[in-house]
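Peer 1: Given chain A's structure and the hints, the job is docking chain B onto it.
Here the protein sequences line up with chains A and B, keeping their order. Numbered per our numbering, the first sequence spans residues 1 to 77. Numbered per our numbering, the second sequence spans residues 1 to 372.
These are calculated hints, taken from the structure and not from any lab test. All values derive from a computational prediction rather than experimental measurement. From the three backbone atoms N, C-alpha and C, an ideal C-beta is built for every residue, glycine too.
Beta-carbon label-pair distances, calculated as ranges:
| id | chain 1 | residue 1 | chain 2 | residue 2 | range |
| --- | --- | --- | --- | --- | --- |
| 1 | B | Arg332 | A | Ala37 | 20 to 26 Å |
| 2 | A | Leu10 | B | Glu318 | 29 to 35 Å |
| 3 | A | Trp31 | B | Asp92 | 19 to 25 Å |
| 4 | A | Leu10 | B | Arg332 | 46 to 52 Å |
| 5 | A | Leu10 | B | Tyr234 | 16 to 22 Å |
| 6 | B | Leu269 | A | Trp31 | 24 to 30 Å |
| 7 | A | Ala37 | B | Trp339 | 22 to 28 Å |
| 8 | A | Leu10 | B | Trp91 | 21 to 27 Å |
| 9 | A | Ala15 | B | Ala259 | 24 to 30 Å |
Here are the chains, one letter per residue:
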Amino acid sequence: MASPSWRAWLVAALALVAAAGCAHEPPVQPWQREHLAKRAMRFDADPTEDHFRQHWFGAREGADLGFGQPGGGCGCN
Amino acid sequence: MILAALGLCVVGMEARGADQVTIRGAYYREPSTRVIQPVVDIQKDLPHGFDIDAHYLVDAITSASAAAGTTKDSIFTEIRNEVGLGVGKNWDRTRATLGYRYSAESDYWSHGLGGSLAGRFWGDTATVALSMGLSLDTMSSRDRPAPECAVAPHGYCTLNSYFAGLSYTQVLSPTWVAQVDGEVAYLDGFQGNLYRLVPGRGYEKPPSERLRDAVAGRIATYFPSSATGLQLHYRFYWDLYPGQQPSDPWLIRAHTIEARVYQKLSRSLEVRLLYRQHFQNHAAFWCDITVNPSCYQAGVLPLPYTSADPKLGPIHTEYPEVKLLWDADRLRTVPFLRWFSAATFEISYGYYVQSDSFGSAHVLQAGATMPY
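Okay, chain A solo, but in the shape it has when bound:
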């Protein structure tokens, strides 16, 4: 079922993981994480907002994957 582009993406991701593992020192030590905890540095800081956005964009754009809009009888999607 996977398309060639999907497999290429998967290989690239695994290569990135492997490359990361080859390095000896992680790029950030525990005492350097002060800013990483900030809201601006998190991609999943607000899941309830993401939930609303998924439903909204799924109803108004054709590029959602279809899981954000459980509903359809209202005629608005």
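Peer 2: Positioned in the frame of chain A, the structure of chain B alone reads:
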């Protein structure tokens, strides 16, 4: 992203650290549709590395359906209820989650089940997460004869969807984080609206199978000297009908870019500016029947499908938004209100510009998250 969309907040890639309740409301207003959505979400840590999450939301949708392509310009209100329950478990650097979501309205019912497995490594600077889910939907129509998609003996149509996603997040430095992810979904069943009419062609007939794919990249950075954060997102989407090449009826391609700027205005007040743009072409089987009334006549499009759904057409949307977030520390010394001093309040306003017949929309959201 898949599981957040399923409403399973518990399955975030990061372990939860606190018991908290989130109350949130959204108001969406465009020329023909108004949506009011209150939601409450509760998270609770449990012994032995477990945590649970439960949410309940209501969608109150008032719509005049003409803009959606139907021929009757009648105003109606539809209520959708959704509940979700999830459980997570942490082992050292691994997190696993499982969640369930049920959504119901008068003519559409959906069961969603999802799970994820995430692992942190390389000094906790890298996270790989795999998520999977499925959604089993059932729909009926109130005021039309049994549609072609109806399954005997009940006369309901179905839509089964299967999802998978893989993401890799890497901390690059004390002030840089990057993420790449890929998602794929296979949908099998009725993927349109049972009430939507195509003028002169009867009820719409969208293709019944669809393979939807997306890859995305995100990067975030923080400037300590000015207390400014910046995020850039890019997403590419494509879809197809498995086994229908070269006469594929889908073939939507979409690009979405989004920029976010976070700026601390004081120790407890932060503003977030957001700007998003979305571009997509139309599905191969779709045509603008309002502009070209004969485009679905036999021989013009060599496909047996029809739809008047604006979101399957060529779309360009823009969305600027401003959001204020306030950590309510100052309430610590105020009698009674000190109970809310650990809460974060937020309010946002955005304007959603759409190039299709839906028109532009005002979007107002407000919420509060409070530990307990």
